[in-house]
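Novice: Listed below are the residues making up each chain.
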Amino acid sequence: MTPSTAFLAIALVLLITMAAGLVRVIIGPSPADRMMAAQLLGTSGIAVLLLLAATLGIPALIDVGLIFALLAAVSVAAFTRRRIGQDRS
Amino acid sequence: MDQPTFGLILNLISTLLACGGALFFIAGTVGLLRLPDLYSRLHALTKADNLGLGLIMLAVLPQAPDLFFALKMLLLWVLVMIAGATGAHLIAKRAVRGDGEDIL
Amino acid sequence: MIRPRSLHRFMGPLGRLGLFSALWAVLAGGSPASWIIGAPTVLSATWASLRLHPDTGRDGRAGMRLLGLVRFTPFFLLQSIRGGLDVALRVLRPRVRIHPGFQSYRPRLGDPLARVVFLDTISLLPGTLSADLRDGLIHIHALDARDDLEPGLARLEAVVAALFGDSLESGPR
Numbered sequence: 000m001t002p003s004t005a006f007l008a009i010a011l012v013l014l015i016t017m018a019a020g021l022v023r024v025i026i027g028p029s030p031a032d033r034m035m036a037a038q039l040l041g042t043s044g045i046a047v048l049l050l051l052a053a054t055l056g057i058p059a060l061i062d063v064g065l066i067f068a069l070l071a072a073v074s075v076a077a078f079t080r081r082r083i084g085q086d087r088s
Numbered sequence: 000m001d002q003p004t005f006g007l008i009l010n011l012i013s014t015l016l017a018c019g020g021a022l023f024f025i026a027g028t029v030g031l032l033r034l035p036d037l038y039s040r041l042h043a044l045t046k047a048d049n050l051g052l053g054l055i056m057l058a059v060l061p062q063a064p065d066l067f068f069a070l071k072m073l074l075l076w077v078l079v080m081i082a083g084a085t086g087a088h089l090i091a092k093r094a095v096r097g098d099g100e101d102i103l
Numbered sequence: 000m001i002r003p004r005s006l007h008r009f010m011g012p013l014g015r016l017g018l019f020s021a022l023w024a025v026l027a028g029g030s031p032a033s034w035i036i037g038a039p040t041v042l043s044a045t046w047a048s049l050r051l052h053p054d055t056g057r058d059g060r061a062g063m064r065l066l067g068l069v070r071f072t073p074f075f076l077l078q079s080i081r082g083g084l085d086v087a088l089r090v091l092r093p094r095v096r097i098h099p100g101f102q103s104y105r106p107r108l109g110d111p112l113a114r115v116v117f118l119d120t121i122s123l124l125p126g127t128l129s130a131d132l133r134d135g136l137i138h139i140h141a142l143d144a145r146d147d148l149e150p151g152l153a154r155l156e157a158v159v160a161a162l163f164g165d166s167l168e169s170g171p172r
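Chains as they are written, first to last, in numbering that gives the first Met the number 0: chain A, 0 to 88; chain B, 0 to 103; chain C, 0 to 172.
Simulated from the structure, these hints should not be mistaken for laboratory data.
None of these values were measured; they are calculated from a predicted model.
Heads up, the beta-carbon is just placed ideally off N, CA and C, and yes, glycines get one too.
Incorrect hints may have been included.
[Unchecked claim] Computed cross-link-like contacts, EDC-like style, restricted to lysine to aspartate or glutamate with a CA-CA straight-line distance of at most 20 Å:
no.	chain 1	residue 1	chain 2	residue 2
1	B	K92	B	D36
2	B	K92	C	D131
3	B	K92	A	D32
4	B	K92	C	D134
5	B	K92	C	D85
[Stated by the list, open to error] Derived contacts from chain B toward chain C, CB cut-off under 10 Å, selection only:
no.	residue
6	F5
7	I25
8	P35
9	T45
10	I81
11	H88
For reference, chain A alone in the conformation it holds in the complex (with noise of 0.2 Å):
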């Protein structure tokens, strides 16, 4: 027995959850709000991949994974960069 099983029902739960996270990024209500829930979905993205990568015997996967840590970092950097002022670090 593998816990594949157990692992695809949970990939499905994750997938559930960033469909409630989703609500967020409609409802707001600033764009830093929306920003944030992006970034959750971006982790949970990674968590389901994980999963998969394990279950379907698809170890590719993780790189997926890794381009959206990157994506997810870089985004949330080029957000909080844009500035209407002076940047002071």
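Given chain A, work out where chains B and C should sit, using these hints.
Specialist: The following block gives chains B and C in isolation, referenced to the frame of chain A:
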């Protein structure tokens, strides 16, 4: 301990860890939806998520086909954690200073 | 005081080259052909890292310590588990139990890299989130601002200081 029993216990541990991870992801999403202000939501986002991903990673770890895969997963978790904490700080700083382009 | 360089610090140019090479090996899965792309990548990563964050260890003061890392890792893991549990228990109750507010903390860490690590770990600790660092004062958002955050933060700061071999020059407490 013989081989099949060991494997069974390992699988049980994997399943339990993955369930725990899912629980933290649920908590993170619930926090994101229920908490009243941006800063509190950031708390839920950074802490629950990183722990959730950590547990999922630990669950998948025994199923890893080789050592490189295991190390890569560990690296992925560390990177997500650093990015998450830094991102949370950046978003909070932007809100504290009120200098985002949307706040005019 | 002169400390043995190579043993305690691994943030010099050679140490970074080794670190990035190890990272590439993990990412590419150890296939020899991958180094055709890997070698230039690792070299430019080392160059970029030295350019963006010059070696702070010239005066023999800062840089990461292996012994500090051994102390930091379990502390960090335990605290982040506590942090996750804390926030999960708060939001999964029928009534969300928070009293959010701000507190400030004056860090005594001198090394800039150590400060970044301190700021990031604050956000993963139970109930605290580093919101801003301005005029040498860290503004911290707390899920429960009625607690005094000072002792926990001072303890974390000591662990981070040990990680970087930073002697906390005593600022105003």
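Novice: Taking the hints in turn, state whether each one holds.
Specialist: These are the hints, each one checked on the structure:
1. Note on K92 (chain B) and D36 (chain B): the hinted pairing holds, with a Cα-Cα distance of about 15 Å set against a maximum of 20 Å.
2. Note on K92 (chain B) and D131 (chain C): the hinted pairing holds, with a Cα-Cα distance of about 5 Å set against a maximum of 20 Å.
3. For the given pair, K92 (chain B) sits about 14 Å from D32 (chain A) by alpha-carbon distance, which is consistent with the 20 Å threshold.
4. Of the supplied pair hints, the one linking K92 (chain B) and D134 (chain C) holds, its CA atoms being roughly 14 Å apart against a limit of 20 Å.
5. The suggested pairing of K92 (chain B) with D85 (chain C) is violated, with an alpha-carbon distance near 23 Å, which exceeds 20 Å.
6. Below 10 Å, beta-carbon pairs count as interface contacts, and F5 (chain B) has none with chain C, the closest being about 25 Å; its hint is therefore violated.
7. Using the Cβ-Cβ criterion of 10 Å, the hint placing I25 (chain B) at the interface with chain C is satisfied: the shortest such distance is roughly 8 Å.
8. Residue-level restraint check for P35 (chain B) holds (minimum Cβ-Cβ distance to chain C is 8 Å; threshold 10 Å).
9. Taking 10 Å as the C-beta contact cut-off toward chain C, the hint placing T45 (chain B) at the interface holds, the least distance being around 5 Å.
10. For I81 (chain B), the interface hint holds, the least distance from its beta-carbon to any beta-carbon of chain C being 7 Å, beneath 10 Å.
11. Interface restraint check for H88 (chain B): the shortest CB-CB distance to chain C comes to about 5 Å, inside 10 Å, so the restraint holds.
Violated hints, listed in ascending order, are 5 and 6; each of the other numbered hints is respected by the structure.
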